[in-house]
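A.B. asks: Residue numbers (the UniProt record's numbering), protein chains in the order written: chain A, 1 to 382; chain B, 1 to 294.
If you're looking for bench data, these hints aren't it; they were derived computationally from the structure.
Ideal Cβ placement from N, Cα and C applies to all residues, glycine included.
Take the hints with a grain of salt, since some may be wrong.
In silico lysine to aspartate or glutamate, DMTMM-like type, Cα no more than 25 Å apart, as pairs [claimed, not checked]: (1) Lys165(A) / Asp56(A); (2) Lys163(A) / Glu242(A); (3) Lys165(A) / Glu242(A); (4) Lys165(A) / Asp96(B); (5) Lys161(A) / Asp56(A); (6) Lys163(A) / Asp114(B); (7) Lys163(A) / Glu252(A); (8) Lys161(A) / Glu258(B); (9) Lys161(A) / Glu242(A).
Label pairs and their calculated CB-CB ranges [stated by the list, open to error]: (10) Arg162(A) / Gly157(B): 50 to 56 Å; (11) Lys241(B) / Glu252(A): 42 to 48 Å; (12) Ser371(A) / Ala77(B): 42 to 48 Å; (13) Phe240(A) / Thr261(B): 41 to 47 Å; (14) Pro6(B) / Ala293(A): 30 to 36 Å; (15) Gly110(A) / Val4(B): 45 to 51 Å; (16) Leu115(B) / Leu332(A): 19 to 25 Å; (17) Ser187(B) / Arg162(A): 49 to 55 Å; (18) Pro6(B) / Tyr219(A): 29 to 35 Å; (19) Thr183(B) / Ser331(A): 53 to 59 Å; (20) Arg380(A) / Arg193(B): 46 to 52 Å; (21) Arg193(B) / Leu53(A): 50 to 56 Å.
Chain A stretches covered by chain B per the calculated footprint, using a threshold of three residues with CB under 8 Å from any CB of chain B [what the hints assert, rightly or not]: (22) 119-128; (23) 163-173; (24) 296-304; (25) 335-345; (26) 352-359.
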Amino acid sequence: MTATIETTTPERQRTTVTTRRRAGLAPGVPRTKGTMVGLILLGLGLAVLAPALMTDFQLGQLGRFICYAMVAVGIGLAWGRGGMLTLGQGVFFGLGAYVMAMHMQLADAGFAGEDAPQFMRNFGASLPWWWEPFRSELFTLVAILLLPAMLAFALGFSVFKRKVKGAYFAILNQALVAAFVVLLVGQQTTLNGSNGLSGFQSWFGLSLYDPANRRLLYYVAVAVLLVMVLIAFWIMRSRFGELLVATRDSEERVRFLGYDPALIKTITFVIAAVMASVAGALFVPIVGIISPAEIGVVPSIAFVIGVAIGGRATLFGPVIGALAVAWAESSLAQTFPSGWSYFQGLLLILVIALLPGGVASVVHYLRNYRSYLRFNRNRRSS
Amino acid sequence: MDFVLPQLVAGLSVGSILLLAAIGLSLTFGQMGVINMAHGEFIMVGAYTAFVTQGVLGHAGLSLLVSIPVAFVVGGALGLVLEQTLIRHMYHRPLDTLLATFGVGLILQQVARDLFGAPAVDVQTPSWLRGSVEILGTAVPWSRIFILGLVILVVAGLSALLAYTSLGRRIRATVLNRDLAETSGISTRRTDRLTFFVGSGLAGIAGVTVTLIGSTSPTIGQSYIVDAFLVVVAGGIGKIKGAVIAAFSLGLLQAFIEYSTTASIAKFLVLVIVVAFLQFRPQGLFSVRTRSLA
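Just chain B, same shape as in the assembly (with noise of 0.2 Å):
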């Protein structure tokens, strides 16, 4: 039984890292309806604000607290950017803001690639995240666990904001009903925008964390945005508690096959389970209604 433990705590930490890459995906795709596939891009830019963060400041410790509030506004703007341009003509063509937002991913990778050069860069650990602490036997990187309490944060916080201020009531009522909400005197359109804010912002953040790591590069948003969307509709649209569900049971699933296979095996598994679950509850682990995905 001492292979729990270890595989338990990596479980823990890959599903903590899935979380933040989907966390702000429920939002986006989840309450909204739109499939945006930039979303992984945004992560990448979230990344790399951490990397010129640490550049202006030089230092580490300082450079990450910073870099956490400034990759949510700068994500944010970039999600707020698209929203105005691009999405909102195509809320009724959800398939069309894949492919589009696929060609804005495109765009943003090679600007990090111009901007940044191919090869990846390193983010530096600040020294208070560096070593591991002894858990009943086990070493855990400091960093995992800094991970592990940003995301517990972070979904703290946004059920705080859909549960409690009135911009989450008019989020949750625009989602319900976007007619009923517009005659209850709702702005929609900046309920929108303000909800595509705040998922991009949660992208940048979760960018900021994949530094701790591993190095940035361009296609660096690629890696996670399949993933991402997984615990989305697996979790079930709309729903914050099935996301947090569903990215710890797919990482402790993954960290578990993992033992007795290798990690491509274990993902392989993971990603047909995910299907093969769909098969079963198409609608997730947990449904709401939302506006119909055509």
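Just chain A, with the same shape it has in the complex (with noise of 0.2 Å):
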């Protein structure tokens, strides 16, 4: 991989003199040196610095912020790098945590003896034949990964062949939540409608009333992540990162070189769906609850905020913003209740109208700044 970048280097010789960064690298693109001390420090701070100074109840907490945190890697590169609003990542989030509850339920209800889970027996209904499948773990695990990408790939590789982008792509994306939200609330008999599925027991046999699975899992979550955002290094790296990139600032251009931007924008956006589908997967032992109220339009969009106040085209912008986002939200929210949407809402405002690049841009600017200095002093100098 570090043999395609140095053979592409010279062409990509930057002109402006200004700027003297280290030619080769496309502005977002992560260092190996400086991601491999990020993941290190980011692992160190949740696997070992969180669970030594937390009670186990606000490790639940930071392990849903974690969960939110893998949503947004994938937002970062469908829509930092690859251009693409995606406000629809409640669908896939959903998907992933309704094939999760639905195999931790069925589990539950084998363990009781029982042959539908509670909330049926309930309404009288009988179990469904879309459930059966999903007492098979392995269906389970297969499913949280193919379900999403199926959709994404259907949604996506239509809609970028017929070269719907942009504003209305989001608003497609948007419309899709809705109708998912509104056809999961319509579910009352099969799926619990509006409340949701919750009160679990089990995930894949461990008892979740004891702590250490708990912490067991929250381990997983964090692990999850690293391993997301090792996946986001590797493709904003990667050849096919920089033809997204490509793809993102001049589509005809990519397609004139012989690319299908199309394909290019599809993959993205199955990768960013199965990392939403995932992080969906691992709320649901974590909060021990899933309901059309997490996944609708309102949440899909706040997913999107971190990642806009973190930075969206960065690596680890859209990570630390998340989890930034989320914890604030739990944090304020306690101590004052309507000041968080103010906060939020004039953050938001703030951030996308001056600071586009998000907190992340200011390591940037700053360094272009200080190379800008050094170079108006050397040019006195000489």
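Both chains come to you apart, so use the hints to assemble them.
C.D. replies: Here's what the structure looks like:
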């Protein structure tokens, strides 16, 4: 991988003298050393520091935020690198979450010696046929990955082939979330409607009442998040990542060079969808409930807010942004219930209007400014 | 065949409300390319304007008639402020207007919650709009007929504004070619402001009418915003004719699917049909050349 980057550097030498950045990397592409340091710091903070300092309850909260951060990694790729504002991640998050929740309900019912989950028996309904396959653990895991991938591919490819993009893509996605939520709410006897699925007792045979198991679940979430960041890093450094940025900046030119922008965008959209789905699947055992209210139009935009604030086109920006916004929400909303909405709205407006690259871009500006100063100094001395 | 007429009436009624919610968007989104997510909150502001007007005047019939122009001005003024402070900096970044105006929407919702409380409030329907009339054996509520009449009036007024007045000519010129309009002596900034005023004002009027069919809560805008965007997108950007046809088609579609299934399945199917329809005609029913949306 390093080899390809070195061979491509000479043609892409930056001509603007003011920046004097090491040639070869498009803006926002992470450097290997910095990324490894960042990953280790993130890992240490989440996997060592947090469990040492936090109570079990707080750790559960952090686990929920980590799930949001996973969604953010995918949004960072699709929106920040690919220019596709995905306002519909709630659909994929919800797919993963409901698949996992259905499996857990069936497993719990199995342990209790019942045939159907509690809420269905309350309605006096029998198990619908499409619940049956989710008894299998393997089928559940495969479905968590494949269902969102297939839906995202079907939607993405047809939409991008027709060159629907930008605002239209965002609105279509949003409509899809709205439709998905309406469908879920309507499924009163089969998916418990607007109450959603909750009351889980076990996760793949592990009792959720045992603090040790909950802790294990937390570590699983941290590990998955770190792997996702690594995948994002690898994509951003790869040739595909360069093509993705090129498609974002000038789709027609990429088409003209012989690539298929629709395919590039679809693959990215699928990756983002799978990341959201996995996040949803881990959200269910960590939080213990999934309902339409968690995945509607507003939560779907809320996924994007952390990414926007952290820095959409960077590697760590979306993760840190999502974690920070979720943490701020849960701590601020407790002390000032109404203040949080004002704060969130204002923060969003200010970041979008004044700092479109997010907080992470401040580093970038500073670095540019420093090299600009150095350049001026050199010019004067020579 | 006796199910056709009631569903037809229900569809027309749903369609007229959809159209009212979407007609302002077809100006601000369709003509100007700005994605104003706070449009739903402008509808909410219109609804609360009707509530406050009723509290001041006390007379249900009088307050309805007064609150329509008042809500137009209140909504329009809000839109003007939003355009002047935020949106004018982002005309070249439509996706960012979406997020920034979503932030505005969050703030407006919270303002409503702090001023009027989170529980929904009710606006009294005037006595002359209560009850219903029998048309060919189907009971049609007077309030629905009133909304249908109002939407016809609004569409006619807006079409006339765009077609015959100098403001309308300026709006159309700015939409088609901003630079050329500018060189012809049109102040495009002023046109932008006025377009936004009218578009947001129409959201205010939509807000007054939704108080006739249900309660008003701080989150009421969100139940209309997605549908309104879909109507504009399906109808074709920048075409009022398209918005009219799309709104009534969606309304009728929903009513007729609802007859054979449930309300939620009907809503789901309508949304999916629109998404599928846009695969075949991404530019909507009618298309007009506007400043392209990145």
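A.B. asks: So the hint says 42 to 48 Å: do the beta-carbon atoms of Ser371(A) and Ala77(B) match that?
C.D. replies: 47 Å, holds
A.B. asks: Lys165(A) and Asp56(A) were given as a pair; does the straight-line alpha-carbon distance stay at or below 25 Å?
C.D. replies: With Cα atoms ~44 Å apart, Lys165(A) and Asp56(A) exceed 25 Å; violated.
A.B. asks: Taking only the CA atoms, is the gap from Lys163(A) to Glu242(A) under or equal to 25 Å?
C.D. replies: Judged against 25 Å, a Cα distance of about 20 Å means the pair holds.
A.B. asks: How does the segment 296-304 of chain A fare against chain B when you require at least three residues with a CB closer than 8 Å, holds or violated?
C.D. replies: That given contact holds, which follows from 4 residues of the segment 296-304 of chain A lying within Cβ reach (below 8 Å) of chain B.
A.B. asks: Using the beta carbons of Arg162(A) and Gly157(B), state whether their distance is inside 50 to 56 Å or not.
C.D. replies: 35 Å, violated
A.B. asks: That 30 to 36 Å hint for Pro6(B) and Ala293(A) (C-beta), does it hold up?
C.D. replies: 33 Å, holds
A.B. asks: Hint check: Lys163(A) vs Asp114(B), CA-CA at most 25 Å. Holds or violated?
C.D. replies: Roughly 43 Å between the alpha carbons, so the hint for Lys163(A) and Asp114(B) is violated.
A.B. asks: Could you say whether the range 53 to 59 Å given as a hint is met by the Cβ separation of Thr183(B) and Ser331(A)?
C.D. replies: 54 Å, holds
A.B. asks: Taking 8 Å as the C-beta cutoff, is the stated coverage of the segment 352-359 of chain A by chain B satisfied by three or more residues?
C.D. replies: holds (count 3)
A.B. asks: Residue count check for the segment 119-128 of chain A against chain B: does it reach three with CB-CB under 8 Å?
C.D. replies: Result for this restraint: violated, n = 0.
A.B. asks: Do the alpha carbons of Lys165(A) and Asp96(B) lie within 25 Å of each other, as the hint requires?
C.D. replies: At roughly 14 Å apart (the allowed maximum being 25 Å), Asp96(B) and Lys165(A) satisfy the hint.
A.B. asks: Is Lys161(A) close enough to Glu242(A), meaning Cα to Cα at most 25 Å?
C.D. replies: Roughly 20 Å between the alpha carbons, so the hint for Lys161(A) and Glu242(A) holds.
Hints 1, 5, 6, 8, 10, 11, 17, 18, 22 from the earlier list are contradicted by this structure; the remaining hints agree with it.
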